[in-house]
Amino acid sequence: MLRRFVLFAVLVVAPVGAAAQPRCDGYAPATSDGGAPWPSSLFLAPETIAAADERAVVSATQRLLQAIELGAPGAQIPLWDTGATGLVLAREPSPGPYDLVRSPETVQALRRAVLEGRRWNEPDDPDGVGLVCARVRVRGDEAHLDGRTLRVSFSGEENMEHGVRVELRRVAGTWRVRSLRSWPERYAYYEELDEYSASSWGRYDRAIARQRARGGSLDARRRLRANLYMAMRFREAAEEAAAACADPRAGVDDCLYATMRSADVGDAAAAQAHAERASALLRAQLSWYAAETPCPDGTSLLDLRDDPREREITCADPAGVATGPATTFHPSGHPSGVGRYENDSRSGLWLALNERGDVVSMSFEGR
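Going by the working numbering, the first residue of the sequence shown is number 1, and it counts up by one from there.
In short, the hints are calculated from the structure, not lab data. Be a bit skeptical, because a hint or two may be false.
[What the hints assert, rightly or not] What follows is a set of in silico ranges between Cβ atoms, one per label pair, in the way DEER data are often shown: (1) SER217 - PRO97: 27 to 33 Å; (2) SER197 - ASP219: 28 to 34 Å; (3) THR82 - ALA213: 44 to 50 Å; (4) ARG135 - GLY216: 30 to 36 Å; (5) THR174 - ALA213: 49 to 55 Å; (6) ALA72 - LEU218: 51 to 57 Å; (7) ASP141 - ALA75: 19 to 25 Å; (8) ARG214 - THR174: 50 to 56 Å.
Even for Gly, the Cβ is constructed at its ideal location relative to N, Cα and C.
Could you put the whole structure together from the sequences, leaning on the hints where they help?
Shown next as structure tokens:
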């Protein structure tokens, strides 16, 4: 199972029953509304909390969690406090060297990218996400929430549990979030279960150190960047991905991956540069096709009969591939763009699209 990260959750390859009933030891959870429809019935129902301030704090936190993963563009910003630190992706509750801080603006930009199809390997939106247990302390106009969240996907077959610490401030009677720290605790996928601890992160780090000591080929660099990302060492993952994209042997896949990793750490300029190189690589690939197998109109002929799910024949037009930012990339037919269809764990199908959204070229590549 491929390990994946989402905007505030780590989806890493875990029994569903365990994740659907997260541990709330040490907390004083409010009663969830068991009469609510699934998956809402899994989460805390703020209206069941007696104390007004605690109820409002839980409600504000729930709204932000849902806006980050399920909201429309612009839904998050009003929920953050002015000058908020934002979202802190972490391995553990305490500050550490690999913490990644995302400003509210960066968090919102990443959500917009998902909605616009520019995060081609992102998981689908979850069925539901929210707090399952919480402990709230209110002092005047400041509040602190410790709790656990649950992210439910695929009708409960995939679930991720996180610990969270949230700092809030009351502004004109409304609670707004100043910072939200999130770290993975358990991940469930069917009958598999992963739990996260200092020892498990240590195993990642030792494996990465061994990889770096060996050095090696572009393929080795690709494995290293993936392991850095799974180890939540996001800045290093972005650096390794950028190096792979710059390699003379790099493919389109390498530069699209680098585009996303740079966006992860808020480096818009680097993301733009990687996206432009991805476009250039694809245009070069299509130009090669045009030279090798010309169509009557000067484009290239590609025989696609090996894949009955797609057209049998199409022609590649290098000029039809849009240049520029990552907005040109879409997994399912964005006009003037490029998309990728993963047919198994070892290879992918690249699609180049014209202005009408028609597929104008395809190519297979191994990974």
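Okay, the hints, checked on the actual structure:
| no. | hint | verdict |
| --- | --- | --- |
| 1 | SER217 - PRO97: 27 to 33 Å | holds (28 Å) |
| 2 | SER197 - ASP219: 28 to 34 Å | holds (30 Å) |
| 3 | THR82 - ALA213: 44 to 50 Å | holds (46 Å) |
| 4 | ARG135 - GLY216: 30 to 36 Å | violated (48 Å) |
| 5 | THR174 - ALA213: 49 to 55 Å | holds (52 Å) |
| 6 | ALA72 - LEU218: 51 to 57 Å | violated (39 Å) |
| 7 | ASP141 - ALA75: 19 to 25 Å | holds (24 Å) |
| 8 | ARG214 - THR174: 50 to 56 Å | holds (54 Å) |
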